[in-house]
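Put chain E on the given structure of chain W with help from the hints.
In the order they appear, the protein sequences are chains W and E. Numbering-wise, our numbering comes out as the position in the first sequence, counting from 1, plus 1. Numbering-wise, our numbering comes out as the position in the second sequence, counting from 1, plus 918.
These are calculated hints, taken from the structure and not from any lab test. We put the CB at the ideal spot given by N, CA and C, even for glycine. Accuracy of the hints is not assured; some may be wrong.
Far from chain E, some chain W residues (derived; all Cβ distances over 12 Å) [stated by the list, open to error]:
1. Gln-138
2. His-223
3. Phe-444
Some chain E residues near chain W, calculated using beta-carbon distances under 10 Å [said to hold, decoys possible]:
4. Arg-938
5. Thr-941
6. Asn-942
7. Val-945
8. His-946
9. Ile-948
10. Leu-949
11. Thr-966
What follows is each chain in one-letter form.
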Amino acid sequence: MAKKEAVKSADPQEISVKNALTYGDAATKCSAVILGAGNLAKKQIIKGLLFLALEVAFFVFMILKGAAFLGGLVTLGTSTGEEVFNETKQIYEYTQGDNSMLCLLYGIITIFIILAFVFLWCASLKSAYMVQLYQEQGKRIPSFLDDVRALFDQNIHKTLLALPVTCVIAFTVLPLVFMISMAFTNYDRNHQPPGKLFDWVGFQNFIELFNSKSGLGYAFMHILGWTLVWAVFATVLNFVFGMILAMVINRKDTKGKGAWRFIFILSIAIPQFVSLLVMRTMLQQEGAINVMLKQLGLIDQGLPFWTNATWARITVIVVNLWIGIPYTMLQTTGILQNIPGELYESAKIDGAGPATIFVKITMPYMMFVMTPYLITSFVGNINNFNVIYLLTEGAPKAMAYNNGTGGKTDLLVTWLYRLTIELKDYNLGAVIGILTFVLCAVFSLIAYRKTGSYNNEEEFQ
Amino acid sequence: MMKKQEELANFKQNKMSTRRVVTNTIVHIILGLLALVWVFPIFWVIMTSFRAEKGSYSTTFFRNQ
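Isolated chain W (complex conformation):
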């Protein structure tokens, strides 16, 4: 088998860069330096000229701008803006300093352009080698018109994918690389461009964030801990209570099933930020709930819903139940109605109690469909910005959390938001973003690969 593969990779008929360089004739090998030489030598004039033009454009760009951009990427700017006395005008003038952020951005764009050129170089070599093979086999060499026609026929995938792939690279991959690279700089509130420069610091931000002795490390560990606790509780409680509610409504003896469902689903119809902000005011120290409880004589002082750390954490989870249960109920209702009724009937005839029926029939059906949903909702809860930010903004604040930048109910995302938007510590934001991504990615990959819906796709009837 391995031998066969080795033979295959050495097959001179295969069009690859390696083959082009080993088996190519003079013109093909020449394409490695002058792109399109191979095509030009075999009368594919337009294609060859296109390759050549792109190469020339690339080198002109690199000489005029690219080299400077790459240098800027290494240094991230060297001169800050300064006041300079202009002798002739007798005034102070401000010089335009380097903007580290633009240096970083342009540098990364240049790297992407270089990668694109490498791709072009490979394409040119392959194309040259292909024409060479055509000539050796005595086939007709396709004209430029044939190539264009092929783009709408057997090469239609290339035509259709060209735009989306370019857009994804330009608007998703490039910004992502830009953000990730910020994690390795000291782009914080003291190094704000324009005016001040920031520089590469390597893994210093990561080290600082994992150093549990600093306020930052302390805040990170505790906020990460609460994020995980929150995600587990929010996901599991929503699932369990939503399922119970769905089963109670779905019971044979429950009257007015539609009405109950309508009432619970009503909360989905209200925009989340409206209901959350209303909840927030209702649960204030002097808010509606506290005043009502006081008037009923149940309490003397308002309950500290948002001011006490433990109260706030529990309140957030409970309010999230109000938001989440209807969604789970909706989904589980669909699954419950899909379980064949004969299964329940035969189980009853065989003398199974409600508990056995639930464990042996309802649960397996439910888990098969719901596990992927549970994983996504767990990851969604780790990044549940809306609920936390609208309800508490992370309050109550804790001084031990990096001098009060973090709060007891802060999740990593809301903390990240405050660090970047309010405090301008973009480097820390980038580090936390990367770590959150790693957390979510690792968890969902491991969990999803273990689910029944991934492993035994066929088993579900």
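Here is chain E on its own, set in the frame of chain W:
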């Protein structure tokens, strides 16, 4: 003998049905309470929209005199 058995069966059935009625009532009461909890904030939102005072920070349902 037959009568006794019938009575016993009847009694059992009655017991079953009373139990069923009781569970049904409890279930409906719990559902009703939950529904109140769910509807309350929505009702609050609607009431706020009709209020003369500005802002949503209020402690009463209906207009202050």
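For Gln-138/W, which was marked as not at the interface, is the minimum beta-carbon distance to chain E over 12 Å?
Holds: least Cβ distance 74 Å, greater than 12 Å.
query: Would the stated hint for Thr-941/E survive a check requiring a Cβ distance to chain W of less than 10 Å?
result: holds (8 Å)
Holds or violated: is the Cβ of Phe-444/W farther than 12 Å from all Cβ atoms of chain E? holds (31 Å)
* **Per-residue hint verdict: Arg-938/E, partner chain W, C-beta under 10 Å** => Result: holds, 7 Å to nearest chain W Cβ.
- Query: Is it the case that His-223/W keeps its Cβ farther than 12 Å from each residue Cβ in chain E?
  - Reply: Correct as stated: the minimum Cβ-Cβ distance to chain E is 31 Å, above 12 Å.
Holds or violated: is there a CB of chain W closer than 10 Å to the CB of His-946/E? holds (7 Å)
>> Can you verify the interface hint for Leu-949/E: is its Cβ closer than 10 Å to any Cβ in chain W?
In response: Holds, because the Cβ-Cβ distance from Leu-949/E to chain W comes to roughly 6 Å (cut-off 10 Å).
Check your understanding: Close enough to count: is the Cβ of Ile-948/E nearer than 10 Å to one in chain W?
Key -> holds (8 Å)
Asn-942/E was flagged as interface toward chain W. Is the shortest Cβ-Cβ separation under 10 Å? It holds, given that the least Cβ distance between Asn-942/E and chain W is near 5 Å, below 10 Å.
Quiz item: Holds or violated: is the Cβ of Thr-966/E closer than 10 Å to a Cβ in chain W?
Solution: Status holds, d = 7 Å.
(message) Given Val-945/E as an interface hint, is its Cβ closer than 10 Å to any Cβ of chain W?
(response) Status holds, d = 6 Å.
Checked against the numbered hints above, the structure violates none of them.
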